[in-house]
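Engineer: Given next are the chains, with one letter for each unit.
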Amino acid sequence: MISATHLTKHYGDKVALDTLTLDIAPGEIFCLLGQNGAGKTTTINCFLAFVQPSAGHAFINGLDVAKHPVESKKYLAYLPEVVMLYPNLTGLENLDYFSRLAGYKQEKGALLTYLETAGLETKDCLRRVSGYSKGMRQKVGIAIALAKKAKALFLDEPTSGLDPKASNDFSKLLLELRNDGVAMLMATHDIFRAKDVANRIGIMKDGRLVNVLDNSRNTLHAKEIEELYLQTI
Amino acid sequence: MIFEIAKQECRSLLRERRFQVAALLLSGLFLLSLFGAYEYYTALKKQHDAAATTARYQWENQKDKNPHSAAHYGTYVFKPIYPLSYFDRGVDAYTGNTLFLEGHRSNQAKYRGAEDRSAFARLGVLTPAFVLSILFPLFIIVLGFGAMAAELENGNLRLLLAQGLRPATLFWGKSLGLWAATMALAAPFFLAGAGGLLLLGADAEHWLRYAFEVLLYTAYFGCFIHLTLLFSAATKRQNASLVASLGVWVLVCLIAPKAAVNLAKQLYPTPTTLDYQNAVKEDLEKGVDGHDATDAFTKKLEAETLKKYGVDSVQHLPFNWDGFIMQKGEEHETLVFQKHKQQLLDVYAKQQQVHRAAAVVSPFMLTNSLSQRLAGTDVATYFDFLAAAERYRIQLIGELNGDLTRNFKYGDWDGKRGKAFFAQNVAFEYRPPALKSVLSGLAASALALLAWLLVSGVLAVFFFKRVKP
Chain X
1 MISATHLTKH YGDKVALDTL TLDIAPGEIF CLLGQNGAGK TTTINCFLAF
51 VQPSAGHAFI NGLDVAKHPV ESKKYLAYLP EVVMLYPNLT GLENLDYFSR
101 LAGYKQEKGA LLTYLETAGL ETKDCLRRVS GYSKGMRQKV GIAIALAKKA
151 KALFLDEPTS GLDPKASNDF SKLLLELRND GVAMLMATHD IFRAKDVANR
201 IGIMKDGRLV NVLDNSRNTL HAKEIEELYL QTI
Chain P
1001 MIFEIAKQEC RSLLRERRFQ VAALLLSGLF LLSLFGAYEY YTALKKQHDA
1051 AATTARYQWE NQKDKNPHSA AHYGTYVFKP IYPLSYFDRG VDAYTGNTLF
1101 LEGHRSNQAK YRGAEDRSAF ARLGVLTPAF VLSILFPLFI IVLGFGAMAA
1151 ELENGNLRLL LAQGLRPATL FWGKSLGLWA ATMALAAPFF LAGAGGLLLL
1201 GADAEHWLRY AFEVLLYTAY FGCFIHLTLL FSAATKRQNA SLVASLGVWV
1251 LVCLIAPKAA VNLAKQLYPT PTTLDYQNAV KEDLEKGVDG HDATDAFTKK
1301 LEAETLKKYG VDSVQHLPFN WDGFIMQKGE EHETLVFQKH KQQLLDVYAK
1351 QQQVHRAAAV VSPFMLTNSL SQRLAGTDVA TYFDFLAAAE RYRIQLIGEL
1401 NGDLTRNFKY GDWDGKRGKA FFAQNVAFEY RPPALKSVLS GLAASALALL
1451 AWLLVSGVLA VFFFKRVKP
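Those protein sequence lines, which keep their order, are chains X and P.
Sequential numbering from 1 applies to the first sequence in the numbering used here.
Sequential numbering from 1001 applies to the second sequence in the numbering used here.
Here chain P stands alone, though its shape is the one from the complex (with noise of 0.2 Å):
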């Protein structure tokens, strides 16, 4: 019984021109996002596949020079690109592309991609995510606004409940087949989106990623179709409907996003660039400067350092003075940004959290987040990223001291490596977390999403078996 419902319902709404027009104006915009993004990242990809092979060239072949030259030389890297962040943009257009890594210093990373876009693209637009988590809401509440008030009002629900019809069954026939109408549009364009995964050269890993985000989108649909039929129910009328449901995607996919934002950051302040910078100054200078001998700090350790090998001066040492005190230089350093690097990590780590605990009144926004993760475009696989590359800041310029400190002699300023040593040096390779890692982390807004699904649902029947004809 509920087939032979969706099936008519289904083929009912095919026939109908809204729809018709509604899937046009959708299949135009889809397309057009699809290939956008598509070029914009295989553009975007070679672009940065390009300059990591140059800097690692460059590094390798940079003059010859003292290894703690090289470390204030320094070099980049890229932030990779995934095969899905053509899919879900996340918050690629906002974070920094490049990271310039060198001695003495973290540095943040530079480059965003909204920074050289018109403010078009600035909000961030028109990608398949975007069609798909705020367009197709739309799309769902103009087919179902009328499902059971239409009926209600034009006195069909009196003749189908004559037939012997349940409300509930009503429902759940209603509800499929709007499934279907919406899968019958949005089907197409998963293909297309794994068409475009295709020519990426997706591997396993991504086609799985992107199963995920299939079935992610259907939930997020469902949780529409059953308020849409919900609104439809409870109002009674078509227009009150409308408006409801209107009301309730303004609520979720518009307000709820930019409240959550804006309570985290009341909540949990992020430090402005400037207190930001004058903390770390200040932290560092109560340490040792590598490149300071009149540093009370350097001075100190330099009194223990000649102590603890019994020698009255630093050239007879057992090692390269100068070599060992950049590194501990590099050594406090690394403490001193880790602290505040850490401290700035905490707040943002807050303010996810209270965007998480947010995001559950929202099913977009639970949409949104999942489905970013999935993409590998969210904030924390971000974070990750510029944590590897700290990581592999402190091992290469720890190689380089490392090689001063052994293997020069103290004040052997003009002693040179050259390409051999460089090729040698570690190079940086970054893996982003792997799904298995990543899953469990979404248990808590997956199963979030099933509840509205749920509750939608339930609360939907509710509303149908109370109507009365």
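Next comes chain X alone, as it looks inside the complex (with noise of 0.2 Å):
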């Protein structure tokens, strides 16, 4: 669902993506773990076509997306690490927003389950967005990728902001998406979220994928991918 072949990005000298190749399975999530500037980032940037790799191919369900920058975005969803919204609209009407954009006209009813299973109480959902702390943005944030039902999900540093609460609550809800078939390539720093609901972890340095960490049968100990982490970087 999600793959990349040899995908790299140069920046003058400065190779921010070196020939990364990675499949990522319907039903799966990868956790990239990496310091800032890793390549993390670089990586989902080129998933999104924002950034035009030097080499190598993305694929989101087998279309380039460098070829298909708009068509490829049909199948996708993303959760960037701040979720800013507009400030005048409530909860509600920004998911109605940005699921229009999408191409999706829904029922008031649908979207309020949508805020409510991404952990935003209902009488929030009504209020304008300028009242909202970061974390009940992001709730909003995880709505709109819900709303948009896409087969691949990619996530980027998503539980930022978060409370531990609503973090655990986050990952039930990966764990849901998982069963039902969504590809998911997630960056973090959250070596414990990655280790719950991750099925395999790769650690980037210097824009390589240095290490693959598998976790399908969730064997691995956070201790453990700690240590490999601190030695990898």
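Since the hints were derived computationally from the structure, they do not count as laboratory data.
It is possible that some hints are incorrect.
[What the hints assert, rightly or not] Okay, derived cross-link-like pairs now, DMTMM-like style, lysine to aspartate or glutamate, Cα gap no bigger than 20 Å in a straight line:
hint, chain 1, residue 1, chain 2, residue 2
1, P, K1007, X, E107
2, P, K1007, X, E93
3, X, K134, P, E1153
Everything numeric in this text was worked out from a predicted model, so none of it was measured.
Join the two chains into one complex using the hints; note that each chain is given alone, in its own frame.
Structural biologist: So this is what it looks like as structure tokens:
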């Protein structure tokens, strides 16, 4: 569902992403660990066609995203680290707007269900976003991703700003999506969260995917991952 | 999709404090300008209508006198006030309101509106056209400078594009949304302006002119909407976008018009009043003077005329020599004044050409000239009025001198004409150029404005596409 072959991005002399080859199947969560600047966001940017790769290809559902920047978006949803939204609109109106942009007109009830699933209280849905906390905006972002019913989901440090309870609920939500057959690529600093949800964990350094750990039976321990992570970087 | 974005943009703007504050301010200013201009013009129109009636009454009821004395007595004509001049005052305040018509000379129009106003009024501020052409663009900039830059800065753009939105679609949606928000504020004003026309009892032609004004300003807003969006995408940062847009506003609305006027004057200088009068005087002396029997040209004409009719003195001519020589003098004077006025008009025409050519660099100047032309308050319409007044003068004086020549005995300076004669004299009637004849002259400027709209739009799309989230 999500795949890359020799994906490379140079910025002048600097290599931001170095021959990444990756394949994420439906119902699989792949977590990317790495320091800031290791290439996690560049990877996601390549899949979203926000960045034109210097070499190699990124595919969503078999579509080369560089050649089909708009069509490939039909199959993916994206949750950024910071969801700002439109402060003058309510959470519900924001969700409605972003869904319409994706081509879905949905009933108010259905939209409220997505927001509820994302963990936003119904009374908050009708308040303007200017009064929201970062975590509440993040939840609207999650609802936007859910409402798109995408087969591929890209998450860029999605749990930053969420409290531990919300973060835990979010993990459960990701596992439900995984059971529904969604392929997910998540960039994160949160080793514990990665251990809980990931089928595989990749560690990046200087644009290279250096290590890939298998966690398909959820057998990894956070301590092991942390040690390997510290050794790698 | 475009409509979804436009709806969202408009809804978001309407809820914003800066929109509400700016809208409140602008509404206040606009209503004030509308009210002030309306009051001023109804008062002025009443004054002019009354004065025109009085002038004619005085002409018809002047004391019994010789027709040529009546030519010296003279009469007044007044610049007509059109219904739309309350909407766009144009050059109205700077052109003379009153023209004194008499024999032997072609006078300049006098009594400009700006003369007896305070310095504040002389700036010509706060007419409805001023609010629409100067203040509305500011309003658009304040609303739109962040349209793309803010989305980029706060990261919404990534989310938008991840939803599968094309940058060009985003531009058209934003543009339409900004247009809707601007029109939400402008529409009540346009309606209020129409209310003024209704009260003034405008005819169908003026309603049509007004409809064109509305279209014109709508297109003008579009130019600034596109420019604002263009800079929002090109600079990628909100503060830079605001500075760039305001810079263009200053250039286009404040500097360009002044520069164009100066350039026109530099290239084709207007003669000073003194030079003009001296040149006229010099030429007047080179021809017949009806009031000076010793004048060499008069003597020559006299000798020729006597020879032609085979008589030895002017008493024996079959017509009144005095009336004849007065009309000959009048014809010479008229030619001299026509020549010099034409020279002056040629200079003005060349200045206007420079101005029109320079206007291409500024949608403000294009809009301004179009709006004034539609309102009938532009320089060309004013000159058309002056020309009509001069034609009328020639006709009236010709009637008087003709009467003297045909119907009075030579030397009969005591013969008089009374009310019955003066009431039959031709009356001044002026109709400004009809809209039909005006429209073709507007095509070039209108096309230039459309080109601005189009080019700024295309450039804006280009920059929208170039933005990397």
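Engineer: Under the constraints set out in the numbered hints, which ones does this structure not fulfil?
Structural biologist: No numbers; nothing is violated.
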